[in-house]
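**Q** Keeping the supplied structure of chain A fixed, place chain B upon it in accordance with the hints.
There are 2 protein chains.
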Amino acid sequence: MGLPVVGMVGGGQLSRMTHQAAIALGLSLKVLADATHDSAALVACGVTVGDHTSLDDLRAFAAGCEVVTFDHEHVPEGLLEALEQGGATLHPGPAALRHAQDKVVMRERLAALGVPVPPFTPVATVRDIEGFAKHVGWPLVLKSATGGYDGKGVWVVASADEAAEVVASGVRLVAEQLVPLQRELAAVVARSPYGQGAAWPVVETVQSDGVCVEVVSPAPDLPEALALEAQSLALRLADELGVVGVLAVELFQVAGPDGTSTLLVNELAMRPHNSAHWTIEGARTSQFEQHLRAVLDYPLGATTATAPWVVMANVLGGQDAEPDLDKRLHLLMARDPSLKVHLYGKAVRPGRKIGHVTALGSDLADVRARAQVGAAYLKDGRWPETESR
Amino acid sequence: MGLPVVGMVGGGQLSRMTHQAAIALGLSLKVLADATHDSAALVACGVTVGDHTSLDDLRAFAAGCEVVTFDHEHVPEGLLEALEQGGATLHPGPAALRHAQDKVVMRERLAALGVPVPPFTPVATVRDIEGFAKHVGWPLVLKSATGGYDGKGVWVVASADEAAEVVASGVRLVAEQLVPLQRELAAVVARSPYGQGAAWPVVETVQSDGVCVEVVSPAPDLPEALALEAQSLALRLADELGVVGVLAVELFQVAGPDGTSTLLVNELAMRPHNSAHWTIEGARTSQFEQHLRAVLDYPLGATTATAPWVVMANVLGGQDAEPDLDKRLHLLMARDPSLKVHLYGKAVRPGRKIGHVTALGSDLADVRARAQVGAAYLKDGRWPETESR
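For the record, the sequence lines run as chains A and B.
For the first sequence, position 205 matches number 205 in this note's numbering, and the numbering has no gaps at all.
For the second sequence, position 268 matches number 268 in this note's numbering, and the numbering has no gaps at all.
Same shape as in the complex, but just chain A (with noise of 0.2 Å):
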């Protein structure tokens, strides 16, 4: 058939989703996972179960492949570079990825760019925190300069004690000043080596814990021009960075002068991405198919939406480790026939992502309603207490 051989290295619920994609364009995906019961591996059959710190086990699963990507940010820098001057291709690349990976990196080099980003400095010690303090107030946030996701890594502290304690883990940080923030958005696009970009439409994220628990696309009342902005920001880094791939850039609107609005670059992830979920039937080319078609160089799909309002949000994991989620589907569908639910397949813990669910339709009231009542039932079995229908 003459059709190329993509990796994913990791085995999470981002290759299971773009295993789902490869299957329309003729492709397997092949997928290097941590163990069996990962999420990815639960579905594909070109698995094999590795270390992805390892070189030997890196360099056998690229060996098989005509490209590899990633659903995770976990690979050493250094072992991807072996792998690059090894002959593989790698996309996104680690000159690109290492921006995804590094917090100090990312921010000198945004800043560097003229690109906004929160006032930032790296610290080693309470007395640099102290420092910083100074410039921008208690609280600030400190951050894990590599490492951190779904709110794992950061640490809103009010005083040089707190600051002392995180210090104390050892972990490389970075300080930021805590943004007075409005609300958080999400730009989205993906590049193709050819340099090709495509945008999806600015999604507003909404956070609880740190774990992105519903996002919304559109944005509701954003600025068409703060919109394009975003996006052209987006597209602009992916090109400067050299991404290819989806890009996910995590956005702070914040209060500007006059009453109007701005951004501030919070976080890039260089893979599919939460954010982009919506996009499985939202938009005419998901995330996973765009991904897809970036990293073999294909032309990029349509990025347009298939309906007014779309929200998705996070089914997690609830206090039940062992969930009858069979009835659980059986009811929500029984009361949403309309609500598009996906499961990952993985064991159940509190606060986990064990999947989400997508609302569509023209009333983003009813839409969020929908999304939101479909995620927390999954998670606990209980209708939400408002309910009143």
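Do not rely on the hints blindly, as some may be mistaken.
[To be verified] Going by beta-carbon spacing under 10 Å, a handful of chain A positions derived as facing chain B:
{"#": "1", "residue": "Gly2"}
{"#": "2", "residue": "Leu27"}
{"#": "3", "residue": "Val43"}
{"#": "4", "residue": "Glu162"}
{"#": "5", "residue": "Leu296"}
{"#": "6", "residue": "Thr306"}
{"#": "7", "residue": "Pro308"}
[What the hints assert, rightly or not] DEER-style ranges, computed between Cβ atoms:
{"#": "8", "chain 1": "B", "residue 1": "Thr304", "chain 2": "A", "residue 2": "Leu331", "range": "16 to 26 Å"}
{"#": "9", "chain 1": "A", "residue 1": "Arg382", "chain 2": "B", "residue 2": "Asp326", "range": "41 to 51 Å"}
{"#": "10", "chain 1": "A", "residue 1": "Thr262", "chain 2": "B", "residue 2": "Arg349", "range": "54 to 64 Å"}
{"#": "11", "chain 1": "A", "residue 1": "Ala255", "chain 2": "B", "residue 2": "Ser362", "range": "53 to 63 Å"}
{"#": "12", "chain 1": "B", "residue 1": "Glu322", "chain 2": "A", "residue 2": "Asp51", "range": "35 to 45 Å"}
{"#": "13", "chain 1": "A", "residue 1": "Thr125", "chain 2": "B", "residue 2": "Arg335", "range": "57 to 67 Å"}
{"#": "14", "chain 1": "A", "residue 1": "Val206", "chain 2": "B", "residue 2": "Ala95", "range": "46 to 56 Å"}
It should be emphasised that the hints constitute simulated quantities derived from the structure, not laboratory data.
Positions of the beta carbon are idealized from the N, C-alpha and C atoms, including for glycine.
**A** Just chain B now, with coordinates in the frame of chain A:
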């Protein structure tokens, strides 16, 4: 997690696309395939290679599944009954499936139910056929009672001599009037064990040499009353025959009295069907997800269309056995970033269904042209000659 295990007998593209839908529901489809290179076997991890005419193979496969369903009608009825007697849950079961396996059984049952079918009779000899021809005239249609598909097992014969050749082949035959049809339609529905039914919009299907090449949803210019009649008929048949899963009712639209049109049932299929591939992007619930919901006795999903017009065109194998599909995909995506491509991973043989494309939009002529151009280009690597863009 408590989610059920669904097994599908047959490793073709219907299984492949059902697996894609299963992933979202938190499942991983188990597949009984003929060979490791079967379309579904290339993308699913729970694949057993075995013989669907061997009771031992079927029993071993069914033992690992809570529900067994089918991507074809080729499992002999006696084996289905033995499996069911052994405790396996088959959806659809043999009592329903025989109406999709044997055209004589189907025609006689439908006639008994008062459902309009073309005039027909089982025939064994040329004399039988000549007798039938006295009522319906020549040419008439001979069909193999079992095993036909995609125009195979169907002969239009204009004389006793031509009929004799078919009789000599030794297959069990049914003779039918050659109906002066206006066009072909399909009414596709799903039914759950509980008895819930759901119907998609009625579509027009276009055949070439007995093979479906194009499906238009909804069927253009179909009077509302006729569309409702077709949907009601399909839902009623699903109920009367005890179908569980998707039921496709292939219909002839023929001239009725007073310039009106009327419907005749041509064929039944009790599985996801080519005439509903458009539902993957074109309906809120795809036929593959719906088939899974039905066989699991989950509530059925909404069948509402996601666009005013949806056209699916099959990609058939062209003359080149080793086409550069990667390049064709590249150029087609460049030309039409909104077209949805589905490739099945099958070896290319002339006329074989190797994939399909789907276009969606509000202008029927444009949507139809896009689907036709896409399918033709993937087949032959040439843009249609009428092309003037």
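**Q** Does each hint hold? Answer for all of them.
**A** Verification of the supplied hints:
1. Gly2: 5 Å, holds
2. Leu27: 8 Å, holds
3. Val43: Hint holds; Val43/A Cβ to chain B Cβ min 5 Å, cut 10 Å.
4. Glu162: Since chain B brings no Cβ nearer than about 40 Å to Glu162/A, farther than 10 Å, the hint is violated.
5. Leu296: Since chain B brings a Cβ to about 8 Å from Leu296/A, closer than 10 Å, the hint holds.
6. Thr306: 6 Å, holds
7. Pro308: Violated. Min distance 12 Å.
8. Thr304/B with Leu331/A: 16 to 26 Å: Check passed, 21 Å falls within 16 to 26 Å.
9. Arg382/A with Asp326/B: 41 to 51 Å: 50 Å, holds
10. Thr262/A with Arg349/B: 54 to 64 Å: Distance hint for Thr262/A, Arg349/B holds at roughly 60 Å.
11. Ala255/A with Ser362/B: 53 to 63 Å: For Ser362/B against Ala255/A, whose Cβ atoms are near 40 Å apart, the range 53 to 63 Å is violated.
12. Glu322/B with Asp51/A: 35 to 45 Å: Hint holds: Cβ distance 38 Å, inside 35 to 45 Å.
13. Thr125/A with Arg335/B: 57 to 67 Å: Check passed, 59 Å falls within 57 to 67 Å.
14. Val206/A with Ala95/B: 46 to 56 Å: Given range 46 to 56 Å: holds, Cβ gap about 51 Å.
Figure legend: structure checked against the earlier numbered hints; hints not met, in rising order: 4, 7 and 11.
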